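J.: If you want the building blocks of each chain, they are given just below.
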Amino acid sequence: MADPGADILVVGSAELAAPAVRAPLEEAGHRVRAESDVVVTEWELPRLDGRGLCQAIRADAELSGTHVILMTSAGSSQRAVEALEAGADDYLATPFERAALLARVRAGRRTAQLRASEARLRALMANVPGAIYRCAPDSDWTMELISDEIERISGYPPEDFVDSEVRTFASIIHPEDREPVENSVFEACEAGRPFVLEYRIQRADGDERWVLERGQLVHGTNGRTWLDGAIFDISARRQAEIERRQKEAEQARVAELRASRTRIIKATDEARRKIERDLHDGAQQQFVVVAVRLRLLVSQLEKRAPDEAQLAEEALTELKRGIDELREIARGIHPVLLSERGLVRAVEALIGRMPMPVELREAPGERLPEVVEAGLYYVIAESLTNACKHAGASTLSVSIGRSDGSAWAEVRDDGIGGADSIDGSGLSGLADRVEALDGTFEVSSPPGGGTTVRAEIPCA
Amino acid sequence: MLIVDDHKSFRASARLLLTAEGYKVVGEAEDGRTGLSEAERLAPDLVLLDVVLPDIDGFQVASELAARGPAIVVLTSSRDRRDFGSLVQESAACGFIPKTELSGKALDALLEGGTELPGGP
Chain A
1 MADPGADILV VGSAELAAPA VRAPLEEAGH RVRAESDVVV TEWELPRLDG RGLCQAIRAD
61 AELSGTHVIL MTSAGSSQRA VEALEAGADD YLATPFERAA LLARVRAGRR TAQLRASEAR
121 LRALMANVPG AIYRCAPDSD WTMELISDEI ERISGYPPED FVDSEVRTFA SIIHPEDREP
181 VENSVFEACE AGRPFVLEYR IQRADGDERW VLERGQLVHG TNGRTWLDGA IFDISARRQA
241 EIERRQKEAE QARVAELRAS RTRIIKATDE ARRKIERDLH DGAQQQFVVV AVRLRLLVSQ
301 LEKRAPDEAQ LAEEALTELK RGIDELREIA RGIHPVLLSE RGLVRAVEAL IGRMPMPVEL
361 REAPGERLPE VVEAGLYYVI AESLTNACKH AGASTLSVSI GRSDGSAWAE VRDDGIGGAD
421 SIDGSGLSGL ADRVEALDGT FEVSSPPGGG TTVRAEIPCA
Chain B
1 MLIVDDHKSF RASARLLLTA EGYKVVGEAE DGRTGLSEAE RLAPDLVLLD VVLPDIDGFQ
61 VASELAARGP AIVVLTSSRD RRDFGSLVQE SAACGFIPKT ELSGKALDAL LEGGTELPGG
121 P
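Heads up: the protein sequence lines correspond to chains A and B, in order.
Using the working numbering, read the first sequence as starting at 1 and increasing by one per residue.
Using the working numbering, read the second sequence as starting at 1 and increasing by one per residue.
Read the hints as simulated data drawn from the structure, not as lab findings.
No experiment lies behind these values; they were computed from the predicted model shown.
Honestly, I wouldn't trust all of these hints.
Stated by the list, open to error - So these bits of chain B aren't anywhere near chain A, every CB distance computed over 10 Å:
1) L16
2) Y23
3) L36
4) D45
5) I56
6) E64
7) A66
8) A67
9) S78
10) D108
11) A109
What the hints assert, rightly or not - Just some of the chain A residues that point at chain B, by a computed CB distance under 10 Å:
12) R58
13) L296
14) V298
15) Q300
16) R331
17) V336
18) E348
19) A349
20) L350
21) G352
22) P355
23) R361
24) S444
Glycine residues also receive a C-beta, built at the ideal position from the N, C-alpha and C atoms.
With these hints in hand, go ahead and build the complete structure from the sequences.
T.: So this is what it looks like as structure tokens:
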């Protein structure tokens, strides 16, 4: 690619040096104009002399990269010193040779370009949301340079760390993390791969911060090595992570709690079912057999010994009463139809045993999960019993239904209302059972307005 | 008659009682499946059938027996008739006698009254 030439500003009087400078530069392909990488200026200028011009250029941040060449009269080393001290980068004694001018301008341009790229790098470093550094691969992490961002992260100015002037970078790493950081960095360096670390630092104000550091070992000339990398403040992310984990743990705990409550309810149901079955298959069967045998005894004694037959008959009557009581207890523990035939059949049988008529208004055809059926059954049974005993109702109804993602049951009477709150009544245990299944339990019982008990339990 | 019940001591006692009261017990079965095959083999006039059996539900056995005919099915249980809601009434059986009420007389009464019920001969 052809050299596009530099932009050069020539400052001077038209009669004197300027044309002599301008012509050879333009002939060499450079452009002489106002925005420039290189300024070639005379010392003697109207209003502002060369020294003033240099100072003005150096004071202006945007022009600070400009390479300034001051022209001085030949043999005046005093002027040359003044020029350099005023901020000029170079001087050119007049009269000058064309080749010298062009060489000086070329050199100046290189310097200006280097300055510009350094300025770009500085701007980049200042804008990266992390501290860019170059440091020695030693245990102190002696900084050659570190960008200003480190002050925001650590609370210490970058100068503190350069050459470990005030403190070493290692000194702000959390004591517990210092050794792991050192080990990880040296291991990565030895393996010739970059490192990525997360560790804690202690800020100037005593706070702790989490940082993410990426970097790698760089091999320079003459066997010199250093680390180039960047440090990012990740405390916010880290905090969010901790909160997320806490939230997840909390959610898991709640889920486990729910699951365990459901398991407890299921285990209770299972235990009740087992007690009922054991009573039925065990004691009740035994007594039933005794009853059949007693009846046999009665039938055999009837003709031969009517008095003894009478005795046996009485014993049979007593035994049957006992069996009835036992059956009543077993039924209260768990109705056999509930597990065998489902909620609706069990409720139908329940209604058949009630001392007053009960209307079954609606009922779903399908079976529901066992734990849901049991929950709704006990609510219905207890509510019907309460209504018959206390409500003084003339009509009683039961509704069972499905709604989106749940099943519900409602027992309604037209009695005196004013039922006590759920607490302290037989309903409180039922409310607990329903709520343990994440369901809702409501009692509405305005005085004189009848009572409605409604339970809703989620089920797929 | 055929007695279908999973409790051996009940079968034995019922056999004794009903035999004493004039019934002829031709067989016993301990579950629904055996009950069905024994009914096929023995062709009894009457099957005394426990509602809760270890394999097939008594109501289902009753409906299969009724479909095959001509045996009359009488359901029995140590539970109360009301424990089964309307299932007894809806079933193909001629009637229900609680085990504690089982006797020749009870069977006689049921069969006399029940000959016109669905499921009768």
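J.: Against each hint, give a clear statement of whether it holds in the structure.
T.: The hints, checked one at a time:
Non-interface status of L16/B relative to chain A is broken: a Cβ of that chain comes within 10 Å, the nearest being about 6 Å off. With 10 Å as the threshold on Cβ separation, the claim that Y23/B sits away from chain A holds: the shortest Cβ distance comes to roughly 12 Å. Against chain A, the non-interface label of L36/B holds: every CB pair exceeds 10 Å, the least being about 20 Å. The claim that D45/B is not at the interface with chain A holds, since no C-beta of that chain comes within 10 Å of its own (minimum 21 Å).
With a closest Cβ-Cβ approach of about 12 Å to chain A, I56/B is found to remain outside the 10 Å limit, as its non-interface label requires. For E64/B, the condition that its CB be more than 10 Å from all CB atoms of chain A holds, with the nearest at approximately 18 Å. With a least CB separation of 19 Å from chain A, A66/B remains clear of the 10 Å interface cut-off, as annotated. The claim that A67/B is not at the interface with chain A holds, since no C-beta of that chain comes within 10 Å of its own (minimum 21 Å).
Not every CB of chain A is more than 10 Å from the CB of S78/B (nearest about 5 Å), against its label as outside the interface. For D108/B, the non-interface assignment is confirmed: its Cβ lies about 13 Å from the closest Cβ of chain A, beyond the 10 Å cut-off. No Cβ of chain A comes within 10 Å of the Cβ of A109/B; the nearest lies about 15 Å off, and the non-interface call holds. For R58/A, the interface hint is violated, since its Cβ never comes within 10 Å of a Cβ in chain B; the closest pair sits about 105 Å apart.
This hint holds: L296/A has a C-beta 4 Å from the nearest C-beta of chain B, less than the 10 Å allowed. For V298/A, the interface hint holds, the least distance from its beta-carbon to any beta-carbon of chain B being 9 Å, beneath 10 Å. For Q300/A, the interface hint holds, the least distance from its beta-carbon to any beta-carbon of chain B being 7 Å, beneath 10 Å. For R331/A, the interface hint holds, the least distance from its beta-carbon to any beta-carbon of chain B being 6 Å, beneath 10 Å.
Taken as an interface hint, V336/A checks out: its beta carbon lies about 6 Å from the nearest beta carbon of chain B, inside 10 Å. The interface hint given for E348/A is met, as the beta carbon of that residue sits about 4 Å from the closest beta carbon of chain B, less than 10 Å. With a cut of 10 Å, the hint placing A349/A at the interface with chain B holds, because the nearest CB-to-CB distance is about 3 Å. Look at L350/A: its Cβ gets to within about 8 Å of chain B, closer than 10 Å, so that hint holds up.
For G352/A, the suggested interface contact is upheld, since its CB lies about 5 Å from the closest CB of chain B, less than 10 Å. Checking P355/A against chain B by beta carbon gives a least distance of about 12 Å; that is not within 10 Å, so the hint is violated. At a threshold of 10 Å, the smallest CB-CB gap from R361/A to chain B is about 17 Å, leaving the interface hint violated. Interface hint at S444/A: violated, since its Cβ lies 29 Å from the closest Cβ of chain B, which is beyond the 10 Å cut-off.
The structure fails hints 1, 9, 12, 22, 23, 24 (numbered hints given earlier, in ascending order).
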